[in-house]
Amino acid sequence: MPFSPEIPTIPTVPLRLPAQLEGLHRLAYNLYWSWHPGLRALFARIDRNLWQRHRNPVPLLQVQRDWSELLDDPDFMVEYRSQLSAFDAYMAAGRGSWLERHHQGQLTGPVAYFCAEFGIHESLGIYSGGLGVLAGDHCKAASDMALPFMAVGLLYRHGYFRQTIDADGHQEHAYPDYDPQRLPLQCVAGQAGEPLTVPVELPGRTVQVGVWLARVGRVPLLLLDTDRPENPVEDRPISHILYVRGREMRLHQELVLGIGGVRALRALRITPAAWHLNEGHSAFMLVEQTRELVADGLSLEEAFARVRSGSVFTIHTPVSAGNERFDTDLVRRTAAPVTSGVDLDLERILEMGRGVDDDPGQFDMTAFSLRLTSGANAVSRLHAETANATWSAVVDKPILGITNGVHAPSWLGRPVRDLYARLGVELDTFDADLPNDRFWERLERIEDERLWEAHQRQKLELAYFARGRLLNQFARHGEPPATLARLAEALDPDVLTIGFARRFATYKRAALLFADEERLARLLHDPEQPVQIVFAGKAHPADRPGQRVIQDIFARSRQARLAGRVHVLEDYDIRIARYLVQGADVWLNTPRRPLEASGTSGMKAAMNGAVNASVLDGWWDEGFVGDNGWA
Numbered sequence: 001m002p003f004s005p006e007i008p009t010i011p012t013v014p015l016r017l018p019a020q021l022e023g024l025h026r027l028a029y030n031l032y033w034s035w036h037p038g039l040r041a042l043f044a045r046i047d048r049n050l051w052q053r054h055r056n057p058v059p060l061l062q063v064q065r066d067w068s069e070l071l072d073d074p075d076f077m078v079e080y081r082s083q084l085s086a087f088d089a090y091m092a093a094g095r096g097s098w099l100e101r102h103h104q105g106q107l108t109g110p111v112a113y114f115c116a117e118f119g120i121h122e123s124l125g126i127y128s129g130g131l132g133v134l135a136g137d138h139c140k141a142a143s144d145m146a147l148p149f150m151a152v153g154l155l156y157r158h159g160y161f162r163q164t165i166d167a168d169g170h171q172e173h174a175y176p177d178y179d180p181q182r183l184p185l186q187c188v189a190g191q192a193g194e195p196l197t198v199p200v201e202l203p204g205r206t207v208q209v210g211v212w213l214a215r216v217g218r219v220p221l222l223l224l225d226t227d228r229p230e231n232p233v234e235d236r237p238i239s240h241i242l243y244v245r246g247r248e249m250r251l252h253q254e255l256v257l258g259i260g261g262v263r264a265l266r267a268l269r270i271t272p273a274a275w276h277l278n279e280g281h282s283a284f285m286l287v288e289q290t291r292e293l294v295a296d297g298l299s300l301e302e303a304f305a306r307v308r309s310g311s312v313f314t315i316h317t318p319v320s321a322g323n324e325r326f327d328t329d330l331v332r333r334t335a336a337p338v339t340s341g342v343d344l345d346l347e348r349i350l351e352m353g354r355g356v357d358d359d360p361g362q363f364d365m366t367a368f369s370l371r372l373t374s375g376a377n378a379v380s381r382l383h384a385e386t387a388n389a390t391w392s393a394v395v396d397k398p399i400l401g402i403t404n405g406v407h408a409p410s411w412l413g414r415p416v417r418d419l420y421a422r423l424g425v426e427l428d429t430f431d432a433d434l435p436n437d438r439f440w441e442r443l444e445r446i447e448d449e450r451l452w453e454a455h456q457r458q459k460l461e462l463a464y465f466a467r468g469r470l471l472n473q474f475a476r477h478g479e480p481p482a483t484l485a486r487l488a489e490a491l492d493p494d495v496l497t498i499g500f501a502r503r504f505a506t507y508k509r510a511a512l513l514f515a516d517e518e519r520l521a522r523l524l525h526d527p528e529q530p531v532q533i534v535f536a537g538k539a540h541p542a543d544r545p546g547q548r549v550i551q552d553i554f555a556r557s558r559q560a561r562l563a564g565r566v567h568v569l570e571d572y573d574i575r576i577a578r579y580l581v582q583g584a585d586v587w588l589n590t591p592r593r594p595l596e597a598s599g600t601s602g603m604k605a606a607m608n609g610a611v612n613a614s615v616l617d618g619w620w621d622e623g624f625v626g627d628n629g630w631a
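In my numbering, the protein residues as written are 1 to 631.
Please keep in mind that the hints were generated in silico from the structure rather than gathered at the bench.
Ranges of calculated distance between the beta carbons of each label pair, as one might list FRET restraints:
1) Pro435 <-> Val611: 17 to 23 Å
2) Pro360 <-> Gln104: 44 to 50 Å
3) Val611 <-> Asp296: 55 to 61 Å
4) Ala560 <-> Leu496: 18 to 24 Å
The calculated lysine to aspartate or glutamate pairs, modelled on DMTMM-like cross-linking and capped at a C-alpha distance of 25 Å, are:
5) Lys397 <-> Glu324
6) Lys397 <-> Glu301
7) Lys397 <-> Glu351
8) Lys397 <-> Asp357
9) Lys397 <-> Glu302
10) Lys397 <-> Asp358
11) Lys397 <-> Glu347
12) Lys397 <-> Asp359
13) Lys397 <-> Glu385
14) Lys397 <-> Glu622
Idealized CB from N, CA, C, for every residue including glycine.
Whole structure, please, built from the sequences with the hints as guidance.
Laid out in structure tokens, this is it:
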């Protein structure tokens with residue numbers, strides 16, 4: 001049987017469903033629907049307007065409604081039973097799974113996977129970009145493979161910011177207000193049936209951390225929450241905002257994630273066989289495990305060895321300057337309550353956090369994580385070379401190169417997926433054994449015309465979606481009707497479309513395409529082979545240079561010689577990413593080598609029929625073979 005821990009939960013808002021449709025509750029409260037388009041289509045049939053507004057079945061099912069029409073609709077009922085049956089079979093499957101075929105009996109418990117963000121679906125806004133989307137894809141792939149895997153993160157009630165771009169190209173920030181009871185989350189219960197809380201000591205007080213459960217297929221994702229009535233008002237916002245700007249508040253977040261995450265697992269009597277830190281934000285989980293072992297009588301060095309033997313670390317940032325660091329005095333002051341009461345030498349802990357510059361005034365989360373884990377990996381072959389050169393002064397063990405991947409079912413457009421299925425290549429779930437000789441032989445049989453037709457349908461969907469977004473954006477700017485009318489016809493699907501969508505950090509060089517603007521204008525308006533470009537992406541609220549890049553590209557898109565051929569979509573999220581990777585003809589990537597650790601958007605575009613044009617950095621340095629794109 002697949003790993004399935006008993007995690008007790010407390011019912012939230014009841015769903016008043018007829019007995020014949022009670023299975024909708026199971027379907028709604030499992031994010032399995034986020035990578036199964038047929039199930040999303042079923043929810044949309046219940047109430048298309050509410051689905052378009054929320055893109056989340058929970059608020060849709062919380063509305064009181066007359067179900068009789070759907071109960072009397074034989075097509076709906078057949079589809080409902082089919083989707084429910086497929087879901088139940090998926091959840092029960094274990095025999096014949098990838099894990100059983102290759103590693104039966106080798107894990108005594110689950111892998112506990114800690115990350116500061118998780119990008120599962122756009123309706124659960126607890127992610128900012130590539131790190132979170134990768135973590136979400138990890139959860140989905142682990143579910144498909146029936147791995148004993150569970151994840152731990154934070155529930156950000158205000159998430160990451162929603163982006164608008166004003167008429168002058170300035171990025172504006174607004175933080176949403178997420179109600180957990182309107183999301184596919186369930187409150188985790190304690191032993192007496194009360195909401196589970198775990199304590200995390202901070203200077204002068206103890207914060208009570210609540211726990212929510214998101215089910216990602218077979219994978220439980222625990223989300224920690226400090227916004228609880230028993231906490232003082234100044235501590236409730238600790239878990240409100242992802243990548244909050246204040247350094248002390250950020251440190252509090254990371255203490256809650258690391259310390260609180262371990263304690264939540266202990267409270268649920270879950271004993272991981274391995275601990276995985278996805279980036280250094282969760283490094284305090286190593287401190288908590290060390291504290292536990294010292295309290296049990298081990299010496300500090302014995303505890304370090306035990307913690308190290310069961311922990312692994314993934315590093316995502318190529319250069320030391322980009323890694324999380326805190327003032328050592330701040331860490332000393334803030335972490336002291338956690339380590340008090342046991343013979344745990346905090347100064348020794350702080351020494352373990354010295355970075356490559358050996359600065360005693362800075363606690364480097366990456367250096368600390370490297371020293372207290374038995375294995376570490378970078379996220380591409382080239383990144384491993386950079387990481388080993390950077391961190392050799394900190395640890396003498398090699399940092400392996402394990403190139404990132406993507407969860408194909410989450411990113412394939414429906415037309416391309418259906419085309420693959422007709423050739424016997426089923427991609428409804430992730431299968432690590434799939435890329436075998438038979439798989440490639442079947443893909444080779446796809447006729448170019450059929451692939452192009454499927455891709456063109458997805459490109460048309462991108463055009464419809466982008467037109468709606470652009471109309472709303474420029475209507476808000478007060479543009480005249482004539483301009484809005486032109487936007488209603490923007491993005492001709494018969495024109496070569498270049499996609500560029502990612503975080504707007506300066507090293508990604510989003511504006512490089514405009515280095516020779518005269519030539520670019522000629523290419524865009526070529527009478528025989530015109531080109532159009534779609535940009536999307538956010539810059540962190542504290543990243544002023546990144547925001548200036550957005551402003552610059554937006555201003556250029558409004559110039560007469562580029563207008564109508566260059567578009568900037570605001571509020572980049574997973575939904576926009578799906579449309580772009582499914583509909584773009586060419587996927588552009590122009591980072592400053594070797595600063596792109598991996599990148600995965602080009603992989604998603606490629607499986608949808610796009611061609612990559614990229615600097616030889618990250619994954620493309622090994623993915624490019626000479627005739628599958630441009631470098």
